[in-house]
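Asker: With the hints as extra help, turn the sequences into a complete structure.
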Amino acid sequence: MNARNLANQYRQTGVSSAALDASPHRLIALMLAGARERARLAAACLQRGDLTRKSQAISDASAIIGGLNGALNLEAGGEIADGLQALYDYAQRRLLAANVENDAAPLLEVDDLLGDIESAWLAIAPAVGP
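Using our numbering, the first residue of the sequence shown is number 82, and each one after it goes up by one.
To be clear, the hints were calculated from the coordinates, so they are not data collected in a lab.
We put the beta carbon where it would ideally sit given N, CA and C, even for glycine.
The following label-pair restraints were derived from C-beta to C-beta distances:
id : residue 1 : residue 2 : range
1  : S104      : R129      : 34 to 44 Å
2  : A208      : G158      : 17 to 27 Å
3  : R134      : A178      : 11 to 21 Å
4  : D163      : Q128      : 33 to 43 Å
5  : S104      : Y171      : 26 to 36 Å
Answerer: What follows is the structure, given as structure tokens:
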């Protein structure tokens, strides 16, 4: 096994461990960060001309956003959950456009949009400790 494969395996193990040990709030934060990372990766792959990896990164980002959308409690979340659902739906459409048109602009837009959500989410972090 080469060093790159070992590094990827280590990173995946670290991500899996972080997710298993995460509180629900932290898990959403990890998902937002992961979706943003995949959107930026897709833009970088597009710039390099690596269309196969671009498509995989977009697919990964889309799956994460689908998970975020599925985690919404529309009854308890009210207007905020409805707004997030609309934003996630919009992000999904922009990812599709980026993939079909090989355009980085929608990917950067999704990264910015999720960055705003991530900042707000991190600002409401529950207090930890005794």
